[in-house]
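There are 2 protein chains.
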Amino acid sequence: MPGKLYGVSVGPGDPELITIKARKRIEASNTIAYPVRAPGEESTALNIVKGAVDLSGKRIEEIQFEMNPDPLVRESNYQDAIKKIARLLDEGDVSMINLGDATVFSTYMHISLDISKLGYETETIPGVTSFCSGAAEAGIPLVIDDEGLVIVPYAKESNQLFKALRDFDNIVVMKAFNSMKSLEFMMNEFNISKDKAVVLSNIGMADQYVGDFDTEKKYGYFTTVIIKKKGKGK
Amino acid sequence: MPGKLYGVSVGPGDPELITIKARKRIEASNTIAYPVRAPGEESTALNIVKGAVDLSGKRIEEIQFEMNPDPLVRESNYQDAIKKIARLLDEGDVSMINLGDATVFSTYMHISLDISKLGYETETIPGVTSFCSGAAEAGIPLVIDDEGLVIVPYAKESNQLFKALRDFDNIVVMKAFNSMKSLEFMMNEFNISKDKAVVLSNIGMADQYVGDFDTEKKYGYFTTVIIKKKGKGK
Numbered sequence: 020m021p022g023k024l025y026g027v028s029v030g031p032g033d034p035e036l037i038t039i040k041a042r043k044r045i046e047a048s049n050t051i052a053y054p055v056r057a058p059g060e061e062s063t064a065l066n067i068v069k070g071a072v073d074l075s076g077k078r079i080e081e082i083q084f085e086m087n088p089d090p091l092v093r094e095s096n097y098q099d100a101i102k103k104i105a106r107l108l109d110e111g112d113v114s115m116i117n118l119g120d121a122t123v124f125s126t127y128m129h130i131s132l133d134i135s136k137l138g139y140e141t142e143t144i145p146g147v148t149s150f151c152s153g154a155a156e157a158g159i160p161l162v163i164d165d166e167g168l169v170i171v172p173y174a175k176e177s178n179q180l181f182k183a184l185r186d187f188d189n190i191v192v193m194k195a196f197n198s199m200k201s202l203e204f205m206m207n208e209f210n211i212s213k214d215k216a217v218v219l220s221n222i223g224m225a226d227q228y229v230g231d232f233d234t235e236k237k238y239g240y241f242t243t244v245i246i247k248k249k250g251k252g253k
Numbered sequence: 020m021p022g023k024l025y026g027v028s029v030g031p032g033d034p035e036l037i038t039i040k041a042r043k044r045i046e047a048s049n050t051i052a053y054p055v056r057a058p059g060e061e062s063t064a065l066n067i068v069k070g071a072v073d074l075s076g077k078r079i080e081e082i083q084f085e086m087n088p089d090p091l092v093r094e095s096n097y098q099d100a101i102k103k104i105a106r107l108l109d110e111g112d113v114s115m116i117n118l119g120d121a122t123v124f125s126t127y128m129h130i131s132l133d134i135s136k137l138g139y140e141t142e143t144i145p146g147v148t149s150f151c152s153g154a155a156e157a158g159i160p161l162v163i164d165d166e167g168l169v170i171v172p173y174a175k176e177s178n179q180l181f182k183a184l185r186d187f188d189n190i191v192v193m194k195a196f197n198s199m200k201s202l203e204f205m206m207n208e209f210n211i212s213k214d215k216a217v218v219l220s221n222i223g224m225a226d227q228y229v230g231d232f233d234t235e236k237k238y239g240y241f242t243t244v245i246i247k248k249k250g251k252g253k
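Protein sequences appear in the order of chains A and B.
Note that our numbering has the first sequence beginning at 20, numbered continuously upward.
Note that our numbering has the second sequence beginning at 20, numbered continuously upward.
Keep in mind the hints are simulated off the structure, nothing from the lab.
Heads up, some of the hints might be wrong.
[Claimed, not checked] DEER-style ranges, computed between Cβ atoms:
id, chain 1, residue 1, chain 2, residue 2, range
1, A, Ala-57, B, Val-55, 45 to 55 angstroms
2, B, Asp-214, A, Pro-21, 25 to 35 angstroms
3, B, Lys-136, A, Asp-226, 23 to 33 angstroms
4, A, Glu-81, B, Glu-208, 45 to 55 angstroms
5, A, Asp-214, B, Lys-136, 16 to 26 angstroms
6, A, Asp-165, B, Asn-66, 21 to 31 angstroms
7, B, Arg-78, A, Phe-209, 43 to 53 angstroms
8, A, Thr-234, B, Phe-181, 27 to 37 angstroms
9, A, Arg-93, B, Glu-80, 37 to 47 angstroms
10, A, Glu-80, B, Leu-132, 39 to 49 angstroms
11, B, Met-86, A, Lys-103, 52 to 62 angstroms
12, B, Phe-181, A, Asn-207, 47 to 57 angstroms
[Stated by the list, open to error] Taking lysine-lysine pairs in the DSS-like style, the calculated list, with each CA pair at most 27 angstroms apart, reads:
id, chain 1, residue 1, chain 2, residue 2
13, B, Lys-43, A, Lys-175
14, A, Lys-194, B, Lys-248
15, A, Lys-200, A, Lys-175
16, A, Lys-43, B, Lys-136
17, A, Lys-175, A, Lys-249
18, B, Lys-213, A, Lys-136
19, A, Lys-136, A, Lys-175
20, B, Lys-136, A, Lys-213
21, A, Lys-136, B, Lys-136
22, A, Lys-103, B, Lys-251
23, B, Lys-136, B, Lys-182
24, B, Lys-249, A, Lys-136
25, B, Lys-136, A, Lys-248
26, A, Lys-215, B, Lys-43
The beta carbon of each residue, even a glycine, is placed where N, CA and C say it ideally should be.
In isolation and in its complexed conformation, chain A is listed as follows (with noise of 0.2 angstroms):
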C-alpha cells in the first residue's frame, strides 16, 4: 500500500509555533520533504523543524521547484518534482513540510491537487501564518469588530494592491521586501502616512525585525507590510 502525503505547515520561523499535530505527524513520518528553487539551497521550513523534531535517522529530500522564466521548463520541472514525490510516497508516508500555513501562497497545493490526482491520498495540517506571528509581535490586531483584511502580495502587474488600500481598512502586503518605495509612493496617493504601517522582516528569524516603515532600511526576503488606515491602535 502506498504512503499518504501530507502537507504540514511548520509556521513562520519559531520553532514553538509548531502545532502539536505538526509536530507529532513530523515525528511519525520516515521521510521529510522540503521544497527548494535550486539545488541545495537552504531551507528555512527545515530549520524550523530542526528546531522541534529529532530528524536523525530520517530521509530528508529535497524537492526541486525552480523559477524558471520559460513556462515550458517551469512545467517539466514541476513534473519532474511531482514524479519524485510519487516514487517517495510508494516507499511510504511523506510529511512535506512548508513555512507559515500551507493553504497559504505555497506551492504544496498545487502538488497536493496532482498528488492525489495520481491516485494517493493527502492531508494538509495548518499552521500560523507570518501575518499572524508579526501582528502579534508588534502587539497590534490584524483586524476587529466589523473591518476587513486584504492580503495581497505585492505584485507590479496587478492592481489589487491599489483596491485594497482603497476600500479596506487593512492590508497585509506580502512580498514587500524590494518594493518599500512603491508602496510607500501608493500610500501617499490615498493620503495614507507612514505611522498606520509596521514593517514586518523575518519573523522568527535571528534577525527579525518589526518596527517602523522606514523606505530607507533594507529589508530580508521575507518581509511583509501590516497597514491599518484607522491606526495602530497605540
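The hints should help you fit chain B onto chain A, whose structure is shown.
Relative to the frame of chain A, chain B by itself:
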C-alpha cells in the same frame, strides 16, 4: 511585582492545533482567563485547552464581555472586565485564551491595549485561524500565486463584502451562519456560482461541516464561507 498578561491563541477547535508555545504558556500559568458574553456560558476556547493541558489545580476565571445594546452599559461592563483582569494580574501571570488567532476579530487586542495602559506587561501568542484550518480540511488553497485574499465578517450595513466579491479572487466571509441566502444573492449579482464556495461550520468541533454551499441547510454559529472565483481547483 505584578504578573504579565498573555493572550494565548488556542486555534480553531482541534486541541492538537494548539502550538507548542501556547501549550507551554498555559501549563506555566496559575491563572487561566477566558472571555464569555453571559455568565456561565460554555467556552469553546476552554474546551479546546482542556483537550491539550491538564488544568487541575489552576485557577480558571471567566471574564464577562456582555454584548449590551446600550454603548454606555457595554463600556461600563468592559471597564469592569479590565479591572478584574488587573486584579488577577496583581496576583501573578494570567493566560487569557482565545479561539483561533488573537489578532483576528478578537476582543483580546482591545484588552491587551488597555491593560498595558495600566502599566502591565502583555504578550500575544499567535495561533491557527479557523479559515486556514477550514481550507486545509477542504483541501483547497486560500490564495495562491499573485492572487489576493479578503477576509470580511458578514455585516449588513457594510459594503466591504460587495467590494470584496467584485474585486478579489478569494473571499472568506466570516460570521455567515444566518446570512447564507443574502450571501447567495450577492454572489448571483457577480455571477459567482455556488460551486465556487465551500462552507466551513464549527471547524474542529463534534458537529464540524465542510462542504457544499447549501442555503437550505442550518449552520452552527462559527460558520465561514470560502469563495474562490477561479474555482476550488478540483
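Return the numbers of the hints above that this structure violates; sort them in rising order. Result: hints 9, 12, 13, 16, 19, 21, 23, 26 break, sorted rising.
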